[in-house]
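J.: Chain residues, written in single-letter form:
Number of protein chains: 2
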Amino acid sequence: MNHPPEAAAPPSRMRPVDPARGGHRPLGLDEYTLAPGFWEERQRTNTDATLAHCEEWMERLGWLANFDRVAEGTTGPDRPGWCFSDSEVYKLMEALAWEHGRTGDPGADTALRRLTERVARAQDPDGYLNTCYGHGGQEPRYSDLEHGHELYCTGHLLQAAVARARTAGPADPLVQVARRAADHVCAAFGPDGSQGLCGHPEIEVGLAELGRALGEERYLEQARIFVERRGHGTLRGERVPSGSPYFQDDVPVREARAWRGHAVRALYLAAGAADVAVETGDAGLLAALERQWEHTVARRTHLTGGMGSRHQDEGFGEDWELPADRAYCETCAGIASVMVSWRLYLATGDVRYADLIERTLFNVVAVSPSTDGRAFFYANPLHQRTAGGAPDGEAPSPRAESGVRAPWFDVSCCPTNLARTLASWQGYAASAEEHGLTLLQYAAGTVRGPLGDGRTLGVEVATGYPDDGLVTVRVTEPPPGPVVLRLRVPSWARGAVLEEAGRTREAAPGFAVVERELVRGEEIRLRLPVEPRLTRPDPRIDALRGCVAVERGPLVYCAESVDLPAGADLDGVVVDPTVPPVRDGDRVRLSGAVLPPDAAPWPYGAAPGQGPEQGKSGPVEAVLTPYHSWAERGPTAMRVWLPVLS
Amino acid sequence: MNHPPEAAAPPSRMRPVDPARGGHRPLGLDEYTLAPGFWEERQRTNTDATLAHCEEWMERLGWLANFDRVAEGTTGPDRPGWCFSDSEVYKLMEALAWEHGRTGDPGADTALRRLTERVARAQDPDGYLNTCYGHGGQEPRYSDLEHGHELYCTGHLLQAAVARARTAGPADPLVQVARRAADHVCAAFGPDGSQGLCGHPEIEVGLAELGRALGEERYLEQARIFVERRGHGTLRGERVPSGSPYFQDDVPVREARAWRGHAVRALYLAAGAADVAVETGDAGLLAALERQWEHTVARRTHLTGGMGSRHQDEGFGEDWELPADRAYCETCAGIASVMVSWRLYLATGDVRYADLIERTLFNVVAVSPSTDGRAFFYANPLHQRTAGGAPDGEAPSPRAESGVRAPWFDVSCCPTNLARTLASWQGYAASAEEHGLTLLQYAAGTVRGPLGDGRTLGVEVATGYPDDGLVTVRVTEPPPGPVVLRLRVPSWARGAVLEEAGRTREAAPGFAVVERELVRGEEIRLRLPVEPRLTRPDPRIDALRGCVAVERGPLVYCAESVDLPAGADLDGVVVDPTVPPVRDGDRVRLSGAVLPPDAAPWPYGAAPGQGPEQGKSGPVEAVLTPYHSWAERGPTAMRVWLPVLS
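If you read the sequences in order, they're chains L and R.
Quick note: the first sequence uses our numbering, first residue 1, plus one each step.
Quick note: the second sequence uses our numbering, first residue 1001, plus one each step.
Take the hints with a grain of salt, since some may be wrong.
[Unchecked claim] Heads up, simulated SDA-like pairs for lysine to any residue below, C-alpha to C-alpha not over 25 Å straight-line:
(1) L:616 / L:600
(2) R:1616 / R:1578
(3) R:1616 / L:604
(4) L:616 / L:605
(5) R:1616 / L:321
(6) R:1616 / R:1606
(7) L:616 / R:1562
(8) L:616 / R:1321
(9) L:616 / L:386
(10) L:616 / L:632
(11) L:616 / R:1629
(12) L:616 / L:604
(13) R:1616 / L:605
(14) R:1616 / L:386
(15) L:616 / R:1318
(16) R:1616 / R:1585
(17) L:616 / L:585
(18) R:1616 / R:1562
(19) R:1616 / L:535
(20) R:1616 / R:1565
(21) L:616 / R:1535
(22) L:616 / R:1295
I should point out that these hints are in silico values taken from the structure, not numbers from a laboratory.
Build the full structure now, drawing on both the sequences and the hints.
T.: Here it is in structure tokens:
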């Protein structure tokens, strides 16, 4: 296919990731407009509630005033907030930039300009910008690289500036602040500077993308230097139980077998390394990241897509260490996993990365915010043993774990990370290729964008997904000549069917491809099977042996104690996997029984039949709800994996 | 039975616990002499190696010199060691005191006197004694009650003094130091003093026992005050993830349902509370502790007797949260559990407490030291996923977890705790009653002690226990008239048999009782069944579902990767529970198979048969070793609970 370029609009650059190479161009936020549905609802709540909620909390806690105090010379070692609180401000600024870009909302623009002014005033003349170090009796700059988070904060500043540069242009004051900060980092940590590295990766991804946004090779090179500098035991980790692996500083990125240590750190690093690999054409580095993704997804990832198995060090566990109850699937790690998978999809076109993105978006990202957008889950376990109490709405929660969403946290990385991710959801949902378009994530809306060959393709997507499995793609703006329209068929969707041009054909997991000239108004229908299904774990996952879970479409389901008969204990629920699960609206019913709550004096014994199953109830229906909506009816015990009746 | 008192020696007071009330008097260390066997070997290694090993490390690291520096006025905030390192010195001193008392070894006496001099010189005129606070630029006394461990250290000083008072008399300088320290605590924290309490319980048990040893009611009263003062949220726990429950300061002792929070803290507190309950006749408090023991043993205790399910906060988990791999069965928590169970046995006579002591001694305490007594396990998981590397013999280990024993730790509470426990093993093994004697823990040796009625009973125990189940009790010194000789029949010993006076009878779990006049030279034989047996977990323990373990007598067994065929992965071993386990010396053989090491790209799927079991090997014999001896052949992966072939 070869078509002369037409007078079409240039591709949008309004997107979080914009690689210079690769056959897949991410669509811009303005090229995918959501209509009412699952993600539109969450994006709207983010717009209407979460953005202001985050700003209010950070104002109340003094995290914003920290910038004013540096500007006024009144800060000191008593500064409120953790050393990384600046980064929360930057993540909110990134969210506001995407919000304004996507919607044109002048309120978001004003809020962002106001924040930019306060941040800019705190910047030192040489570009250094941090409210926790280097001013008024504080510890000196870079005096605690291992735990001080200075370059981490700067990385988030750069990501905010990327969003602003791509939505308001490179002359914006925020972009100028970020440019000065990036220049400072390059000078301070370049080949002639300090050979140190930050305990929390993030500067890599920030530098690489700002380099792409501004066409500044030095930033990309500094990102490359940081990626290569890690893995040589510089960060000893004497203050964390897992030591150097906590920081991924035990093994160089290109040699590591799997992700390990602190999950958010590992995944932010991988995202930055993917950017470096793509921009520098480093096939070895890219292959290493693909291997790490494969190993981690096969052996260290929860059913929800959640990553992290240890509260201690908020870290990955060993292979097969996937406890449902003590899972530590930090919302930020889910977001970081999407960041990594998205980069690997763009670099390779492999559908598996988009599959994991969908799983993670629906079951890690979507579970975090409350329906009103003003409270959040943080650790996202797959099993909450006790309901716990109601949250304190007036104080930041000191804990990551609880059976209820909290309005804010002492370590409050997740709310602002959600805000920027929901504001830019479209940036991870579809791609344009040389002669076509790929729909990766399904939501009602319109998708319209220039192809690589310069032609434009526009479609309207009608769907009730994920409640309903029918995705109807109506062609609204067909280009002349044949195009390639690809619809992702998720790996769970065995038996999917594609209807187009009067024909119906099976659509195997991967991509359903329509390659022909399209006709305006024609409808292409993908029917994904979203009946509930039982899922079993690999027999080597000790924590899940003898259990099943229920999934429906991309959604993981769970049982909640509020749905049990009075007096029954969620620990005692067992299900019968020989009776197929039955859908009931957005819920699923399973046949099972409830064990009595008594316990033997000693819980280990000789005969398999000596357990309390002897006294189990008659058949009981277990009612399951989508995991993403658990605890919306108040504190509750919950479990995704349900023991099988024996 | 009523006998006139005879001219017998008074009961020994050479014992760690000496309640004023209750029908069971613990035997003194000099009333139970070990002959070669399991515990004699460990006690001898403690004598020959561990005591000097501990002193050498503490000298090398400056933990001993901390006392000199306070005495010389040269200490400061740069003092080496954690704030609780004084307590390690005191635990070693306690060990030396018991050692000297038990053996009369002048070397132990000299070592203890030398340490006492150094410690005594650091005591302030008002009795305060701590090398981390209150001197030369250090933080002031009691300025961080939550985490400073000052009263915790003092508690260990008092326990050391108890050992010395009961083996060398109350005039010993160490006892005088402790008396001054206890007087200071009573003044500083009594009704008219600070109403604070220490973040780490231990002062309670120290004050109560020193009160008993010296007949000083004030100390007991202060212990009571500390017990009652806890549970009202004074310790907020803002620096620990679990908050107030970490310190057991969320609920008063007499109201709590189960042990929770930091395991060693919970158990030391319970031990002190038991002392208070017994001495003050507080039946309600005692009943509360019994309920907590029951709940915790039924739902929060590992097969080994180990307590602790979370690395984070080194804490108990929720009910049924008992992960084999992330078990945190700290050696010190095992010792503390023995301390609690022993006090509850003495108060109630209930055999279940002695059962748990046996399980814990063989499978938590005995696993910790290496055969040479110079390296130690700390966290004692029931599943080590990766073998890991060899320990660094020259530096303290910064980690509690590893597949090999380490010579010393940065936080090195366990080695000295083992030293004092092994030196006083006899103090937890038997009791004398009004008219008889009870053998609770079996080891070859001689037991001889006055009964409550003043008569003396002496027996000689011959046994190869736990390798062999035959325990032969030869009567060497029968008193005139009938006596009650009780032999504990462990709860696992179904089918035990007692042979005495020419008769053989079944001996059900509990106590086998011989109540009659004994004859010099006669033998009473208890035959305990020590063939290997399969054990299954309560179905509500998610982490163990679908697994079996092997036990033999009191010993828990485990599989080690060093015993697998080359290339096989311990994660892939599955066993066939329908084939009975076979004993082979001190090992046990199980029939099973090995799954191939491959993994599917995504470890969750639809069909039960789609797992890698499809490619499992032909029958393989799994060779199991006693858990207490794992990793004695170098670093190895290990697991106690083995998945069942499905």
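J.: Which hint numbers does the structure go against, in order from smallest to largest?
T.: 3, 7, 10, 11, 13, 14, 16, 17
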